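Novice: Chains as they are written, first to last, in our numbering: chain A, 156 to 558; chain B, 12 to 302.
Treat the hints loosely; a few may be bogus.
[Claimed, not checked] Computed spacing ranges between beta-carbons, pair by pair:
1) G253/B with G342/A: 22 to 30 Å
2) G171/A with T58/B: 27 to 35 Å
3) G264/B with D405/A: 17 to 25 Å
4) N465/A with G253/B: 30 to 38 Å
5) D61/B with L477/A: 47 to 55 Å
6) N301/B with G214/A: 52 to 60 Å
7) G171/A with G281/B: 49 to 57 Å
8) N465/A with T58/B: 31 to 39 Å
[As the list claims (entries may be wrong)] In silico EDC-like cross-links for lysine to aspartate or glutamate, where the CA-CA straight-line distance does not exceed 16 Å:
9) K118/B with E288/A
10) K317/A with D286/A
11) K448/A with E271/B
12) K231/B with E288/A
13) K118/B with D321/A
14) K120/B with D321/A
15) K289/A with E271/B
16) K192/A with D233/A
17) K118/B with E360/A
18) K252/B with D427/A
19) K178/B with E275/A
20) K289/A with E201/B
21) K252/B with E235/B
22) K386/A with E408/A
23) K124/B with D321/A
24) K191/A with E176/A
25) K120/B with D233/A
26) K258/A with D363/A
27) K289/A with D321/A
28) K379/A with E275/A
29) K118/B with D286/A
30) K230/A with D267/A
31) K478/A with D505/A
[To be verified] Here's a subset of chain A near chain B, in silico, CB distances under 7 Å, partners left out:
32) L284
33) K314
34) D363
35) M366
36) A437
37) L449
38) F490
If you are wondering where the hints come from, they were derived from the structure by calculation, not from laboratory data.
In this text, all values refer to a predicted model and were calculated from it rather than measured experimentally.
Virtual Cβ for every residue (Gly too), placed ideally from N, Cα, C.
Here is what each chain is made of, one letter per residue.
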Amino acid sequence: MNLHEYQGKSILKSYGVAVQEGIVVDKVEDAVAAAKKLSEETGTSWFVVKAQIHAGGRGKGTVEETGSHGVVIAKGLDQVEEKVAGILGGHLTTLQTNGKGKKVNQVLIAQDVYYPGESEPQEFYMSVLLDREKGRNVIIYSTEGGMDIEHVAEHTPEKLHKEFVDPRVGLQGFQVRKIAFNLGLSGEAFKQMCKFVPCLYNAYEGIDASMFEINPLFKTSDNKIIAVDAKVTMDGNGLFRHPEYAAMRDKTEEDPTEVEADEAGLNFVKLDGNVGCMVNGAGLAMATMDIIKLSGGNPANFLDVGGTANAERVEKAFHIILKDPNVKAILINIFGGIVRCDRVAQGIVDAYKNIGEIPVPIIVRLQGTNAVEAKRLIDESGLNVHSAVQLQEAADLVKEVLA
Amino acid sequence: MSVLVNKNSRVIVQGFTGSEGTFHASQMIEYGTNVVGGVTPGKGGNTHLDRPVFNTVADAVSSTQADTSIIFVPPAFAADAIMEAAEAGIKVIVCITEGIPVNDMIKAKEYIKGFETRLIGPNCPGVITAGEAKVGIMPGFVFKQGKIGIVSKSGTLTYEAADQVAKAGMGITTAIGIGGDPIIGTTTREAVELLMNDPETEGIVMIGEIGGNLEAIAAKWIKENGTKPVVGFIAGETAPKGRTMGHAGAIVGGTDDTAEAKKRIMRECGIHVVDSPAQIGAKMAEVMANK
Chain A
156 MNLHEYQGKS ILKSYGVAVQ EGIVVDKVED AVAAAKKLSE ETGTSWFVVK
206 AQIHAGGRGK GTVEETGSHG VVIAKGLDQV EEKVAGILGG HLTTLQTNGK
256 GKKVNQVLIA QDVYYPGESE PQEFYMSVLL DREKGRNVII YSTEGGMDIE
306 HVAEHTPEKL HKEFVDPRVG LQGFQVRKIA FNLGLSGEAF KQMCKFVPCL
356 YNAYEGIDAS MFEINPLFKT SDNKIIAVDA KVTMDGNGLF RHPEYAAMRD
406 KTEEDPTEVE ADEAGLNFVK LDGNVGCMVN GAGLAMATMD IIKLSGGNPA
456 NFLDVGGTAN AERVEKAFHI ILKDPNVKAI LINIFGGIVR CDRVAQGIVD
506 AYKNIGEIPV PIIVRLQGTN AVEAKRLIDE SGLNVHSAVQ LQEAADLVKE
556 VLA
Chain B
12 MSVLVNKNSR VIVQGFTGSE GTFHASQMIE YGTNVVGGVT PGKGGNTHLD
62 RPVFNTVADA VSSTQADTSI IFVPPAFAAD AIMEAAEAGI KVIVCITEGI
112 PVNDMIKAKE YIKGFETRLI GPNCPGVITA GEAKVGIMPG FVFKQGKIGI
162 VSKSGTLTYE AADQVAKAGM GITTAIGIGG DPIIGTTTRE AVELLMNDPE
212 TEGIVMIGEI GGNLEAIAAK WIKENGTKPV VGFIAGETAP KGRTMGHAGA
262 IVGGTDDTAE AKKRIMRECG IHVVDSPAQI GAKMAEVMAN K
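Just chain A, with the same shape it has in the complex:
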């Protein structure tokens, strides 16, 4: 689950991290009042208007309807309304939105932190995430902030530093100092960074995040260290401990069919192919998608129906797959172990009858306990369903119906 920038910043603040302050609005009419309030609280006279969507590259992205970028500066209160109107309600396309614009339902009106002062402001990069190979959390940081970190990793890997956290003792003071020194800081900015890093790490662990990225992490001209952006991904397995953060989920950012599937307890990911599939188990589901590709089709989805493939779940899964007009065939692949194949077959037949006519051919492959009885049940149902026992047979049937 991803959070918006403003949500991530509110969490950071609650852990004592300094952030670029801002107020989120969802109506153009509220923009000026919010900006005035922010001005009173922070003294800022310029405002940064930032689209709140779950995708990076907002600053360089473009709003389809208006041509505005996803992050713009209002140089005074009089420009706020116009700038907000250019973003709010529009569809923002960035390098990370996969070619489709994402509707902007909220914008963050934030203080301008790039004011001139006694020293040069600087942009850094910092993130906390899991290093799977080491089985430890790692703080990744760089002096090259404000840009695409993958670019830095590829072209100047020596500028990317890592600090691993020992789970037995947690983040230590010497590690924090090393980070601040490696970022070239001294004096007040050094002290501020030594305060910032542990707070960020505590936030990451405290909320069960799986990634907490600050880019840019900013040193102001008066040597404050603040988070100008916050990109947070929550560990879905940890959400049960944090109902307050689970409530921050913005379902409008997700595919509506995926939300529906999720509510029905189905593990579903929408893809853009032409063959739908319904499988028990995540690994077998991915393998089934691969089979579809090898048979000349493209998977329209990933769908793990789980261990109890009964009529109700199968029916729900059919409905979800059939919402996609691109689906030309459906492959059901169930390896019945504990669950008997003939029960699953009966479930498929019942679900089919409940729905009525299904406009695309269905290939059912049932293997495992009572697979032969299951095949007979399907074959004798009189429905437009092809049955198979071996995986290769199912693959051949997919090829046949697509031809």
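Let chain A serve as the given structure and place chain B on it in line with the hints.
Specialist: Using the frame of chain A, we list chain B on its own:
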């Protein structure tokens, strides 16, 4: 011989009296696994499935000399259950539980390093030594006794592979489901190494999926140390970048986590890689015939 579990394994079930624990413990007993008792805090002293229930793993170990544990405890308490088992002297811990927070697993994995124990999983189907012991949730009948070992991240895909191997006329020694989470106790490389050292295992099926680099590490180990043929498959060729496919660990982040990259490395290391999951059994038969 076999690896990890056999007919002499003395198995306890953590989360014994819950619905999952009860169902799968019954299935394991039916298979012939030597289940000597179970643990449910607060229910110690009772009898369940004709076996004693204990309050703690330590009590269970001292009364039954259990050396193996299978965990069906809910996600919020599962990491704790793993640590309890290790501390009580259990040698093989199989954690079935799906949905354990990553931060809990980081701590549990670090904690158990101090003990002589091996963790399998979490979020896995368990381990089965055909004809001897099933310490897991897999359908036992699929795993016909034979000479092929299986290492896999996923459940039903393991059953699929075992079924194909059996139908191709071979059968299984031990199948190890290592789990699909980002943090797991036993890696692909470690599981492969166990099977390489097992005299009864003559060939190995290694099934992976997108995400992480466990298969690449195992492949490089096999290139240096392998003594038996390995057939490999990686699921998720068609999975898009940045989306988690069911398993928390199945997500393509960098270019090295893709199915294509993994398969390339495996081929370079001499593994017989199949592109179609329908060809695992046939490929194994072909490789064994040409051995």
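Novice: Next step is simple, just say for each hint if it's right about the structure.
Specialist: Okay, the hints, checked on the actual structure:
For the hinted restraint 22 to 30 Å between G253/B and G342/A, the CB-CB distance of approximately 40 Å leaves it violated. The beta-carbon spacing between G171/A and T58/B, approximately 53 Å, falls outside the hinted interval of 27 to 35 Å. Taking the beta carbon of each, G264/B and D405/A are about 23 Å apart, inside 17 to 25 Å as hinted. Checked against the hint of 30 to 38 Å, the pair N465/A and G253/B passes, with Cβ atoms roughly 32 Å apart.
Range check, D61/B to L477/A: about 48 Å between beta-carbon atoms, so the 47 to 55 Å window is met. At roughly 58 Å, the beta carbons of N301/B and G214/A sit within the given window of 52 to 60 Å. Roughly 54 Å separates the CB atoms of G171/A and G281/B, a value that falls within the hinted 49 to 57 Å. With their beta carbons about 33 Å apart, N465/A and T58/B fall inside the hinted range of 31 to 39 Å.
Of the supplied pair hints, the one linking K118/B and E288/A holds, its CA atoms being roughly 15 Å apart against a limit of 16 Å. A hinted pair counts as satisfied when its Cα atoms are at most 16 Å apart, and K317/A with D286/A qualifies at roughly 10 Å. Proposed proximity of K448/A and E271/B is supported: the alpha carbons are some 14 Å apart, at most 16 Å. Taking the CA atoms of K231/B and E288/A, the gap is near 15 Å; set against the 16 Å cutoff, the hint holds.
Taken as a hint, the K118/B and D321/A pair is honoured in the structure, with Cα atoms around 9 Å apart against an allowance of 16 Å. Our distance criterion of 16 Å between C-alpha atoms is met by K120/B and D321/A, whose separation comes to about 12 Å. Taking the CA atoms of K289/A and E271/B, the gap is near 23 Å; set against the 16 Å cutoff, the hint is violated. Annotation: proposed proximity of K192/A to D233/A holds, straight-line Cα distance about 14 Å (limit 16 Å).
For the hint linking K118/B to E360/A, the alpha-carbon distance of about 12 Å falls within 16 Å, and the restraint holds. Note on K252/B and D427/A: the hinted pairing holds, with a Cα-Cα distance of about 13 Å set against a maximum of 16 Å. Using a Cα cut-off of 16 Å, the hinted pair K178/B and E275/A is violated, with the two alpha carbons roughly 71 Å apart. At roughly 15 Å between alpha-carbon atoms, K289/A and E201/B fall within 16 Å of each other, so this suggested pair holds.
Taking the CA atoms of K252/B and E235/B, the gap is about 31 Å. The hint is violated against a cut of 16 Å. The hinted pair formed by K386/A and E408/A meets the criterion: a straight-line CA distance of about 14 Å does not exceed 16 Å. A distance of roughly 13 Å separates the Cα atoms of K124/B and D321/A; the hinted pair therefore holds under the 16 Å criterion. At roughly 13 Å between alpha-carbon atoms, K191/A and E176/A fall within 16 Å of each other, so this suggested pair holds.
For the suggested pair K120/B and D233/A, the alpha carbons sit about 57 Å apart, so the restraint of at most 16 Å is broken. At most 16 Å may separate the alpha-carbon atoms for a hinted pair to count; K258/A and D363/A exceed this at roughly 28 Å. The suggested pairing of K289/A with D321/A holds, with an alpha-carbon distance near 10 Å, which does not exceed 16 Å. Pair hint K379/A plus E275/A holds up; C-alpha atoms about 12 Å apart against a cutoff of 16 Å.
In summary, the hint linking K118/B to D286/A is supported, as the alpha carbons are separated by about 14 Å, within the 16 Å threshold. For the suggested pair K230/A and D267/A, the alpha carbons sit about 9 Å apart, so the restraint of at most 16 Å is met. Distance hint between K478/A and D505/A is unfulfilled; the C-alpha atoms sit about 19 Å from each other, more than 16 Å. At a threshold of 7 Å, the smallest CB-CB gap from L284/A to chain B is about 10 Å, leaving the interface hint violated.
A cut of 7 Å between beta carbons decides the hint on K314/A: the least distance to chain B is about 18 Å, and the hint is violated. Given the 7 Å rule on beta carbons, the hint for D363/A holds: about 5 Å separates it from the nearest Cβ of chain B. With a cut of 7 Å, the hint placing M366/A at the interface with chain B is violated, because the nearest CB-to-CB distance is about 10 Å. At its closest, the beta carbon of A437/A sits 3 Å from a beta carbon of chain B; the interface hint therefore holds under the 7 Å criterion.
Interface restraint check: L449/A against chain B, minimum CB-CB distance 5 Å, threshold 7 Å, status holds. For F490/A, the shortest C-beta to C-beta distance to chain B is roughly 4 Å, which falls under 7 Å, so the interface hint holds.
This entry does not satisfy hints 1, 2, 15, 19, 21, 25, 26, 31, 32, 33, 35, going by the numbered hints stated previously.
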